[in-house]
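2 protein chains.
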Amino acid sequence: MTSQNTKEDNINKLKKAGLKVTRSRCKILEIFQSSPDEHYTADKLKDMLADSGETIGLATIYRVLTQLEMADLIQKNNFDDNQSAYEIKKSHHDHLICTKCGNIIEFVNSDLENLQERISKEYNFSLESHVMTLFGNCNNENCKHLKNK
Amino acid sequence: MTSQNTKEDNINKLKKAGLKVTRSRCKILEIFQSSPDEHYTADKLKDMLADSGETIGLATIYRVLTQLEMADLIQKNNFDDNQSAYEIKKSHHDHLICTKCGNIIEFVNSDLENLQERISKEYNFSLESHVMTLFGNCNNENCKHLKNK
DNA sequence: TTCCTTGCAAACGTTTTGCATCGGT
DNA sequence: ACCGATGCAAAACGTTTGCAAGGAA
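Chains A and B supply the protein sequences, listed in that same order. Just so you know, we're using this note's numbering here: the first sequence kicks off at 5 and counts up by one. Just so you know, we're using this note's numbering here: the second sequence kicks off at 5 and counts up by one.
In short, the hints are calculated from the structure, not lab data. Honestly, I wouldn't trust all of these hints.
Note that the list lumps identical chains together, so a pair holds whenever it fits in one copy or between two copies.
[What the hints assert, rightly or not] With a cut-off of at most 27 Å between alpha-carbon atoms, the simulated DSSO-like pairs for lysine-lysine come out as follows:
id	residue 1	residue 2
1	Lys125	Lys104
2	Lys93	Lys48
3	Lys93	Lys125
4	Lys80	Lys104
5	Lys24	Lys80
6	Lys48	Lys11
7	Lys20	Lys94
8	Lys48	Lys80
9	Lys94	Lys125
Turn these sequences into a full structure, and let the hints guide you.
In structure tokens:
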């Protein structure tokens with residue numbers, strides 16, 4: 005296994021960002037890596053940490069999330085809710101969100117990336133980043149549980 | 005003038021939505037119509053209303069915004085801030101946002117609309133709506149005022 | 001030992017709600 | 001006259017911050 009996500013790697017990533025290697029930061033990073041497509045709110049993280057026996061204060065979680073975001077290890081999303089959803093940083097990608105069950109699907113589309121560049125040029129705009137989110141119904145069988153949070 | 009935005013029209017729109025035609029709702033609608041490309045926070049609306057001699061409580065503004073949104077007369081945007089920005093509902097369009105000065109530019113692009121449909125189909129997804137926001141620098145001369153709010 | 005990190009509680013800013021009053025219809 | 005709409009104040013909510021105690025280097 006030449007996994008990119010060993011504990012060693014995380015230690016290096018944190019050090020590189022000038023952050024001390026603490027239990028909280030490692031545990032949080034590991035959760036993100038355990039399900040790379042999942043989106044986590046601060047609250048959800050707190051619950052998951054609690055479930056695995058780690059009691060970490062919400063304040064710390066918010067602080068860590070901010071730091072990991074600045075270190076470019078995770079990405080913050082402001083979807084339609086009042087809560088921010090974080091996910092591990094990957095190459096450019098966007099989201100489909102089911103308005104019935106809240107399910108989030110990620111996708112990558114290079115045509116989209118190109119189109120964004122074209123549009124930016126049209127407005128003499130220097131593109132830094134983007135967000136694109138499609139809302140609709142996922143048409144899955146198990147789209148019955150309303151808003152899994 | 006065969007304007008679509010007479011007071012008569014607004015009265016009809018409100019009635020159609022099952023809302024009483026009150027001073028607050030009319031004034032707020034008029035502000036949105038006076039600058040169709042502008043984006044307003046609840047706070048900003050309160051200030052503008054105050055400037056024109058209308059003192060309307062923030063609670064009412066939020067209630068009206070929610071109702072106008074449900075009536076499909078305005079649209080709510082959750083950009084990167086903590087505040088929601090509302091604008092009058094137009095045909096599909098998206099945003100370029102300057103990360104330096106906060107300036108918001110609207111654009112419409114039919115290629116984008118088509119591409120969204122293609123992507124949705126790919127995931128067996130029934131598209132209802134979308135959000136696309138490009139962040140970058142607007143390269144305007146007057147891009148010096150940091151974050152005009 | 002140093003300074004960063006954490007927990008707790010309190011503060012914060014935005015949005016929502018309860019309730020009495022007001023105003024369309 | 002009825003019932004929805006409003007104002008005010010208080011509550012709720014997610015997030016941030018101050019401070020004292022704890023932990024990595």
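Each hint tested on the structure:
With identical chains, the CA atoms of Lys125 and Lys104 are at most 27 Å apart between copies only, with a shortest distance of 17 Å across copies and 36 Å within one. When the C-alpha separation of Lys93 and Lys48 is checked against a cutoff of 27 Å, the pair qualifies only within one copy, where the shortest distance is 18 Å, while the shortest distance between copies is 34 Å. In the homo-oligomer, the alpha carbons of Lys93 and Lys125 lie at most 27 Å apart both inside one protomer (26 Å) and across protomers (26 Å), since each shortest distance falls under that limit. When the C-alpha separation of Lys80 and Lys104 is checked against a cutoff of 27 Å, the pair qualifies both within a copy, at 22 Å, and between copies, at 19 Å.
Proximity of Lys24 to Lys80 under the C-alpha cut-off of 27 Å is restricted to the intra-copy arrangement: shortest distance 22 Å within a copy versus 40 Å between copies. When the C-alpha separation of Lys48 and Lys11 is checked against a cutoff of 27 Å, the pair qualifies only within one copy, where the shortest distance is 22 Å, while the shortest distance between copies is 47 Å. In this homomeric assembly, Lys20 and Lys94 come within 27 Å of each other (Cα to Cα) only inside a single copy, at 18 Å, whereas the closest approach across copies is 46 Å. In this assembly of identical chains, Lys48 and Lys80 lie within 27 Å of each other by CA distance both inside one copy and across copies; the values are 14 Å within and 25 Å between.
Proximity of Lys94 and Lys125 under a CA criterion of 27 Å is satisfied in both settings, with 24 Å inside one chain copy and 23 Å between copies.
This entry satisfies every hint, going by the numbered hints stated previously.
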